[in-house]
Amino acid sequence: MSRLRSFLPHLVLAAGAFVVLLPFYWMFLTSIRSPAEIFDVSLWPIPKDFSAGENFERAARQVPMARFMLNGAIVCFGILAVQILTAVPAAYALAKLKFPGRKLLLTLVIAALCVPMQALALPLFVGLARAELLNTYFAMMAPFFLSVFAIFLFHQSFRSYPDEIIEAARMDGFSEMEICWGLVLRGSLPSLAAFSVFSLVAHWNDLYWPMIVVTDINLAPPPLGMLFFADVESGANYGALMAGAALITAPMLVCFLLARRHFIAGITMTGVK
Amino acid sequence: MSAVAEIDGAATATVHARRTAVERKMMRRGFLFVAPAVLLLLAIYVIPVIVLAGFSVTDYQLGALSTRFVGIDNFVNAFNDQVFMRAMKNTVIYALIVIPLGVGLALGVALLVHGRKRSRAFWEAAYFLPVTATLVAMATVWQFLLHPSIGPVNAAIKWMGFEPVSFLSDPSLLIPTMAMIGVWQVLGFNMVLFLAGLTAIPQDLYEAARLDGAKNPIDRFFTVTWPMLGPTTLFVVVTTSISAFKVFETVAVLTKGRFGSEVLLFSLYLEGFEYSNTGYAAALTLIFLAIILVLSIGQTVHLDRKVHY
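Each protein sequence line maps, in turn, to chains U and H. The UniProt record's numbering puts the first sequence at residues 1 to 273. The UniProt record's numbering puts the second sequence at residues 1 to 309.
Quick caveat, the hints were computed from the structure, so don't treat them as lab data. Treat the hints with care, since some could be wrong.
Simulated crosslink set (DMTMM-like; lysine to aspartate or glutamate; CA at most 20 Å straight-line) [stated by the list, open to error]:
| no. | chain 1 | residue 1 | chain 2 | residue 2 |
| --- | --- | --- | --- | --- |
| 1 | H | LYS158 | U | ASP172 |
| 2 | H | LYS25 | U | GLU164 |
| 3 | H | LYS256 | U | GLU233 |
| 4 | U | LYS103 | H | GLU23 |
| 5 | U | LYS98 | U | ASP163 |
| 6 | U | LYS98 | U | GLU164 |
| 7 | H | LYS25 | U | GLU178 |
| 8 | U | LYS48 | U | GLU37 |
| 9 | U | LYS103 | U | ASP172 |
| 10 | H | LYS89 | H | GLU23 |
| 11 | H | LYS215 | H | ASP204 |
| 12 | H | LYS256 | H | ASP81 |
| 13 | U | LYS98 | U | GLU37 |
| 14 | H | LYS25 | U | ASP216 |
| 15 | U | LYS98 | H | GLU23 |
| 16 | H | LYS25 | U | GLU54 |
| 17 | H | LYS246 | H | ASP204 |
| 18 | H | LYS25 | U | GLU132 |
| 19 | H | LYS158 | H | ASP170 |
| 20 | H | LYS256 | H | ASP170 |
| 21 | H | LYS256 | U | GLU167 |
| 22 | H | LYS256 | H | GLU274 |
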């Protein structure tokens with residue numbers, strides 16, 4: 001009885017995990033199976049005919065897969081760099097400097113937290129179209145250059161930095177920039193790591209905005225590329241389709257498995273904090 | 001007496017002058033540090049919201065030569081627009097499936113995982129995996145899994161002796177099927193929030209409840225866990241409903257709005273960016289924004305508490 005009791009939770013969890021993980025397993029399995037085995041619905045992990053090479057090669061031939069990944073990396077890191085450059089000084093000033101309008105700015109930041117990107121897409125699109133900037137990396141990145149969430153998060157974290165150390169550093173002739181980037185930010189490295197994960201995952205997976213501003217397939221980030229690919233293949237070759245899906249999800253999945261703690265903290269910090 | 005007062009006054013004045021100089025310097029630095037963020041805040045949030053409100057009362061079409069002021073016509077039209085109303089209804093149905101299941105199942109999983117010691121990290125990772133995965137790619141995988149003739153899910157259904165289910169071609173099943181994918185994706189996220197809430201409950205409360213006669217785990221759940229998890233549950237419900245109202249990727253991949261399966265964001269996308277009905281789409285966007293803002297009030301209250309304490 002007590003044996004059963006200690007096993008039961010594991011049993012229930014395992015059944016749930018089977019359903020949750022099935023799509024990943026099936027994606028991987030199909031991507032290494034030959035397309036001829038398409039009617040084989042068994043979950044046996046070793047394919048009769050190992051054709052991973054063929055499937056991945058077809059995925060790369062049909063659409064510029066490597067290009068999608070490169071676009072994704074450029075856009076994600078571009079956004080992250082500008083977000084940090086603009087949010088860190090602003091958060092430092094809000095937390096540690098006194099200036100008129102500080103309260104107002106903080107209120108604006110918190111109000112902006114509630115406004116989803118999708119609500120701003122229309123006027124931003126019209127603006128970029130008028131400026132003839134559609135189909136550029138800039139158009140894909142621009143709306144995310146300011147992360148109000150980053151300002152909010154860093155503000156919370158910077159406030160707990162001791163004022164005495166900042167005063168002492170000022171006496172020692174440190175410039176305000178050095179204090180901000182060298183001292184205060186260094187005290188908030190876990191927040192910086194969590195935010196970076198949050199931002200990279202969000203933009204690697206984003207479809208809505210790239211779908212609006214990009215029609216040139218050579219500029220497509222991975223999700224938009226996947227959509228193009230699914231339309232091209234239209235169910236004809238699931239082996240190649242799953243190989244493409246595996247390639248696109250792999251970077252985030254691998255990083256997640258390597259830095260599980262950071263990932264969970266980063267993605268859920270909107271909630272836990 | 002007056003001399004002392006004078007000296008005193010002069011000293012205060014110099015201290016005051018020095019302080020204002022320091023303050024002015026700090027002020028200038030403050031402005032300098034927030035300047036990029038303020039400019040971007042204006043360009044990305046403030047001005048677009050004003051422009052959006054402006055569009056919503058016109059019949060502006062991107063590229064059109066003339067634009068008229070139409071007052072609230074766009075909003076009136078929206079509520080008489082069958083397609084938009086269907087999208088609204090679909091989104092509400094989607095949310096009504098995703099919220100209870102996404103929150104309830106996550107709580108169940110969190111309670112089970114919380115009791116594990118050695119295997120906790122493993123279960124956490126397994127259930128969290130869909131949160132990190134690119135939804136567009138995973139939706140394609142689901143399409144294959146649920147395929148009526150070659151998908152393993154229907155193979156299992158047939159093996160059990162039932163008729164195969166056309167999850168993605170039967171119009172009445174489209175929204176529920178996409179809602180199940182939505183639950184699959186949000187489960188791990190909510191589980192982690194619940195785990196954080198569970199960890200924060202002091203152990204001695206359980207001891208006290210045990211002494212007070214709450215002998216079995218179910219009693220203890222209702223006397224301690226459930227009330228203590230209140231704020232977490234509220235927050236999880238709010239974030240889940242916001243993400244449910246923003247459903248887009250699954251529709252874009254699986255149905256493209258066919259068979260009357262549009263959702264709010266998808267119909268907004270079509271009007272604004274495919275048909276270029278900018279004015280009308282702006283009105284729809286404001287309706288969408290109003291829904292999200294009402295839902296986010298709970299979230300902001302939660303975040304705001306951290307600002308003051």
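Hints and how they fare:
Annotation: proposed proximity of LYS158/H to ASP172/U is violated, straight-line Cα distance about 77 Å (limit 20 Å). For the given pair, LYS25/H sits about 19 Å from GLU164/U by alpha-carbon distance, which is consistent with the 20 Å threshold. About 16 Å separates the Cα atoms of LYS256/H and GLU233/U, which keeps this hinted pair within 20 Å; it holds. Our distance criterion of 20 Å between C-alpha atoms is met by LYS103/U and GLU23/H, whose separation comes to about 17 Å.
A C-alpha spacing of about 13 Å is found between LYS98/U and ASP163/U, which places the hinted pair at or below 20 Å, so the restraint holds. At most 20 Å may separate the alpha-carbon atoms for a hinted pair to count; LYS98/U and GLU164/U meet this at roughly 16 Å. For the hint linking LYS25/H to GLU178/U, the alpha-carbon distance of about 16 Å falls within 20 Å, and the restraint holds. Between LYS48/U and GLU37/U, the direct Cα distance comes to roughly 8 Å. Compliance with the 20 Å bound is thereby established for this hinted pair.
For the hint pairing LYS103/U with ASP172/U, the CA-to-CA distance comes to about 30 Å; that exceeds 20 Å, so the pair is violated. Taking the CA atoms of LYS89/H and GLU23/H, the gap is about 56 Å. The hint is violated against a cut of 20 Å. A hinted pair counts as satisfied when its Cα atoms are at most 20 Å apart, and LYS215/H with ASP204/H qualifies at roughly 15 Å. Restraint check for LYS256/H and ASP81/H: satisfied, since their Cα atoms lie roughly 19 Å apart, inside the 20 Å limit.
Under the criterion of a C-alpha separation no larger than 20 Å, the hint pairing LYS98/U with GLU37/U is inconsistent with the structure, at around 68 Å. A distance of roughly 49 Å separates the Cα atoms of LYS25/H and ASP216/U; the hinted pair therefore is violated under the 20 Å criterion. A threshold of 20 Å between alpha carbons decides the hint, and for LYS98/U with GLU23/H the separation of about 8 Å falls inside it, so the pair holds. Our distance criterion of 20 Å between C-alpha atoms is broken by LYS25/H and GLU54/U, whose separation comes to about 66 Å.
Proposed proximity of LYS246/H and ASP204/H is contradicted: the alpha carbons are some 41 Å apart, above 20 Å. Distance check on the hinted pair: LYS25/H and GLU132/U sit about 41 Å apart at the alpha-carbon level, beyond 20 Å; violated. The hinted pair formed by LYS158/H and ASP170/H meets the criterion: a straight-line CA distance of about 17 Å does not exceed 20 Å. For the proposed pair LYS256/H and ASP170/H, the alpha carbon gap of about 14 Å is at most 20 Å, so the pair holds.
At most 20 Å may separate the alpha-carbon atoms for a hinted pair to count; LYS256/H and GLU167/U exceed this at roughly 58 Å. For the given pair, LYS256/H sits about 12 Å from GLU274/H by alpha-carbon distance, which is consistent with the 20 Å threshold.
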